[in-house]
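If you read the sequences in order, they're chains A and B. Residue numbering for the first sequence follows the numbering used here, starting at 1 and increasing by one per position. Residue numbering for the second sequence follows the numbering used here, starting at 1 and increasing by one per position.
Since the hints were derived computationally from the structure, they do not count as laboratory data. Model, not experiment: these values are computed from the prediction. In this text, a Cβ means the ideal position worked out from N, Cα and C, and glycines have one as well. Incorrect hints may appear among the rest.
Selected chain A positions facing chain B (in silico; Cβ < 8 Å) [as the list claims (entries may be wrong)]:
| hint | residue |
| --- | --- |
| 1 | V87 |
| 2 | S120 |
| 3 | F173 |
| 4 | K188 |
| 5 | P203 |
| 6 | D204 |
| 7 | G220 |
| 8 | A229 |
| 9 | S237 |
| 10 | K354 |
| 11 | W379 |
| 12 | T452 |
| 13 | N456 |
| 14 | I492 |
| 15 | N495 |
Listed below are the simulated DSSO-like cross-link pairs for lysine-lysine, each with C-alpha atoms no more than 30 Å apart in a straight line [claimed, not checked]:
| hint | chain 1 | residue 1 | chain 2 | residue 2 |
| --- | --- | --- | --- | --- |
| 16 | B | K278 | A | K281 |
| 17 | B | K412 | A | K188 |
| 18 | B | K190 | A | K249 |
| 19 | A | K280 | B | K412 |
| 20 | B | K396 | B | K412 |
Footprint (simulated), chain B over chain A, 3 or more residues, beta carbon under 8 Å [unchecked claim]:
| hint | segment |
| --- | --- |
| 21 | 133-143 |
| 22 | 151-163 |
| 23 | 308-315 |
| 24 | 469-478 |
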Amino acid sequence: MDIYSKRRAQKIWSVLRFPLFLTGQRYISQAAAKIDVDFDYDGPLMKTEVPGPRSRCLLFVFSCKNAEAVHFFCNYEESRGNYLVDVDGNRMLDLYSQISSIPIGRRQLYQSFLFCPQASTFINRPALGILPPENFAERLKESLLSVAPKGLPQVITMSCGSCSNENAFKAIFMWYRNKERGHNNVTKEELESCMINQPPGCPDYAMLSFMGGFHGRTLGCLATTHSKAVHKLDIPSLDWPIAPFPRLKYPLEDFVKENQQEEARCLEEVEDLIVKYRKKKKIVAGIIIEPIQSEGGDNHASDDFFRKLRDIARKHGCAFLVDEVQTGGGCTGKFWAHEHWGLDDPADVVTFSKKMMTGGFFHKEEFRPNAPYRIFNTWLGDPSKNLMLAEVIKVIKREDLLNNATHAGKALLTGLLDLQARYPHLISRVRGRGTFCSFDTPNDATRNKLITIARNKGVVLGGCGDRSIRFRPTLIFKDHHAHLFLNIFSDILANFK
Amino acid sequence: MDIYSKRRAQKIWSVLRFPLFLTGQRYISQAAAKIDVDFDYDGPLMKTEVPGPRSRCLLFVFSCKNAEAVHFFCNYEESRGNYLVDVDGNRMLDLYSQISSIPIGYSHPSLIKLLQQPQNLSTFINRPALGILPPENFAERLKESLLSVAPKGLPQVITMSCGSCSNENAFKAIFMWYRNKERGHNNVTKEELESCMINQPPGCPDYAMLSFMGGFHGRTLGCLATTHSKAVHKLDIPSLDWPIAPFPRLKYPLEDFVKENQQEEARCLEEVEDLIVKYRKKKKIVAGIIIEPIQSEGGDNHASDDFFRKLRDIARKHGCAFLVDEVQTGGGCTGKFWAHEHWGLDDPADVVTFSKKMMTGGFFHKEEFRPNAPYRIFNTWLGDPSKNLMLAEVIKVIKREDLLNNATHAGKALLTGLLDLQARYPHLISRVRGRGTFCSFDTPNDATRNKLITIARNKGKKVCDRNETMNKRWI
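Chain A with its partners taken away, still in its complex shape (with noise of 0.2 Å):
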């Protein structure tokens, strides 16, 4: 059957493939045919539009869950490679790959899985921080510690992204008491008054974050999200300061100057922020950031911006976290993105998630809880997912996939700047890092067209920000998917009304 629909398939492709490369306006970047993984499949094919009838049908017999943001339904079994195969059996190129949570594709870990006798790995899920499988510490250095940022020996698994953000919060709040108190002696008033949720036990920290800013949905992390009002509507929050994210002009190397006094601007309301907190007696114990603001519309800044508020928030004794949920497992062309930076210390914790298949922290020995059960909780992640991104970390390295992403990234990026310089009234600001790229419309009803139009020709893509479309591909997105994006969306622009 696979073998079988994979031949159709190719057979029906080749036939399509041939009138789209005669249309006359169309952006040839390269012959886009090239199919170097096995498992990958050759490219769309699309049967109905998306959603197609079967996917409307599940919608509407899906009544009884909150189903209003699902797109439409898929076939994962089908699904393969850089392929996302829906339920009305369109396969299309996956450039948005569960926002941005899926690391080398569907299906490649298969082979390994078939023949591994991990049964009770995914049945037996462990309370892991009391009773860890025996292979625990080893799986963990085959997988997160192999490839744990710079200086950030100690790591703790979490389930998902906003419990990451959540603990490492904790673990920040309690590292500044520590340290406020100079002593391990936790006064009898201090152990009275937490249980009430009043100070000095419960003390009034904060961490800092940037408008703009995503870094998960529960209360705490809520609090330093500032990307979109649905998110925030009608959810008490916290008083903690909020900073401008630089607004930069792109191409950065044009715009140079007025970049830089964007960010001179932004680093110094940081500063004045900790100082008047600091004065009304809320401390702030922390920053926060992303390397690349994601939702917010994929923000960059300068590697000198980080270097500069990684040294404000080293001044002001305030540890710095990077949030590396959406940015990290590679597909800025580094492990980390904020590897980038080119710093000795670039973080005192870095949070993970996603792509990583596990959520949880990295952090420096002295971010590490004093006593047991601080930060804990029942299930602490997920031996299974650890499993899982052991061999995703080993396909990555024995694939390059790193330098993949740089390469890939490079032909995806000069492709859109092409097409920028071609059609300025719809593409502006494109801009990116690896395959981690992203480009501005001209406004939410023109972003969601081409979004749907795109589905319709076989292309999955996502939106961030107010009128952004964001490129989150898998690391197994090669040169030659860069192509076959850019010569479908090049005819999409060409006939866009």
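Go by the hints and put chain B onto chain A.
Frame of chain A, contents of chain B only:
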């Protein structure tokens, strides 16, 4: 190897059992050797003290991870049924089951079979962003699993990855519901949209969840503001000024102290109403009340069904949502699938959260608590279909093997035995209490408690620790 080690185990155990039965002082409730689940072991088997040399060695090399809480290292491949095997080959009867999160025992054959079916592999490997791109069988699998055990009156469900996220998102659903009720229409003002971006009212209103002293609802910042079981969970973490009511401190056995307990419960209920009014006066509105049917982490504190019925009425009277946290009590261990079913109410709750034994986190809710726009209750994964797949199988096993009745019966045997032990050792055991297998008793102090747990562990039983309490849990 498996069969060999099982035979060897049987041999060793049969040798061990014999002298034990001859011990004069021993409480013999019944011959304890019945093996009715074919994948279960037939008893504990101890080779070293726990943690043994291998666990200690692993702990020593295990410095990269925060391991202070680790009891010992386990061999999950060899663990089966009610028995947890550690890396030193010690096999222990497990009455703690990974902090109450293993529903039908270790390595259940039905679950192993699931993993061996090639058509299920994709579910484990291709984790989708469930909220936007669900797999075709998602609705069907929910129907087989979560929806087949939905609490009365709560036809809607949202899955989450863990217990804390379940409660956090339940709070959010409640806050949105309350705000919409207050607004009376769907029009959000520009001021609300702008102020919420900088964490300020009116966009971020000054709402609160009312919680109970001794309650435990998770450890993320929102949840932690409703958790009041131990200082170690809360110290140094900024929190919210939300009202905290006293939870009844009852005398056991309940039937012997009816009047005192009624008075204690009445006092707590009065305090709840007072707090709602008091906080409303200072412009902090109680949008919801959160409570566990049995306060678990806080020390297995029970309250009467009548208390919960009255509390539910108070919530309704004041327009507060009633959120029942069944993260630890749900899944059948009390003899009913949800502990709140014991209350016998037609409208027991507005929202019910779950996790642990349910294998996935999430919450059930009434239609009216459905968010009025997409992406309001949302995250990348929104749970994990591989957990739903396993849960569907677990629920099948629970029904097929009538495990709810089993929990009632086994719980009765356990409780009766504990009451008997309490009568014989009142200086060591007091306040024996329980529902189903969700049982517990108190010891004189922390030191005695810990000593009993250590001794029991070395005899091949694993139990857990709570404040001044020793709990025994399993299903």
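Hints versus structure:
Nearest Cβ of chain B to the Cβ of V87/A: about 5 Å, under the 8 Å cut. The hint holds. This hint holds: S120/A has a C-beta 5 Å from the nearest C-beta of chain B, less than the 8 Å allowed. Checking F173/A against chain B by beta carbon gives a least distance of about 5 Å; that is within 8 Å, so the hint holds. With 8 Å as the threshold, the beta carbon of K188/A stays out of range of chain B, its nearest partner Cβ sitting at about 10 Å, so the hint is violated.
Hint status for P203/A: holds, given a least beta-carbon distance of 6 Å to chain B, under 8 Å. For D204/A, the interface hint holds, since its Cβ comes within 8 Å of a Cβ in chain B; the closest pair sits about 6 Å apart. Taking 8 Å as the C-beta cut-off, the interface hint given for G220/A holds, the closest approach to chain B being about 3 Å. Taken as an interface hint, A229/A checks out: its beta carbon lies about 5 Å from the nearest beta carbon of chain B, inside 8 Å.
About 4 Å separates the beta-carbon of S237/A from the nearest beta-carbon of chain B, less than 8 Å, and the hint is met. Look at K354/A: its Cβ gets to within about 6 Å of chain B, closer than 8 Å, so that hint holds up. Checking W379/A against chain B: minimum C-beta separation of about 6 Å stays under 8 Å; hint holds. Proximity of T452/A to chain B is violated relative to the hint, the smallest CB-CB distance being about 14 Å (cut-off 8 Å).
About 16 Å separates the beta-carbon of N456/A from the nearest beta-carbon of chain B, more than 8 Å, and the hint is not met. The interface hint given for I492/A is violated, since its Cβ lies 21 Å from the closest Cβ of chain B, which is over the 8 Å cut-off. Checking N495/A against chain B by beta carbon gives a least distance of about 27 Å; that is not within 8 Å, so the hint is violated. Restraint check for K278/B and K281/A: satisfied, since their Cα atoms lie roughly 26 Å apart, inside the 30 Å limit.
Our distance criterion of 30 Å between C-alpha atoms is broken by K412/B and K188/A, whose separation comes to about 41 Å. Annotation: proposed proximity of K190/B to K249/A holds, straight-line Cα distance about 28 Å (limit 30 Å). Under the criterion of a C-alpha separation no larger than 30 Å, the hint pairing K280/A with K412/B is inconsistent with the structure, at around 58 Å. Using a Cα cut-off of 30 Å, the hinted pair K396/B and K412/B holds, with the two alpha carbons roughly 24 Å apart.
With a threshold of 8 Å between beta carbons, the proposed coverage of the segment 133-143 of chain A by chain B holds, since 6 of its residues qualify and at least three are required. Judged by the Cβ-Cβ criterion of 8 Å, the segment 151-163 of chain A is covered by chain B as claimed, because 9 of its residues qualify and three suffice. Counting residues of the segment 308-315 of chain A whose CB lies closer than 8 Å to any CB of chain B gives 0, so the stated coverage by that chain is violated, three being the minimum. Counting residues of the segment 469-478 of chain A whose beta-carbon sits less than 8 Å from any beta-carbon of chain B gives 0, not enough to reach three: the coverage restraint is violated.
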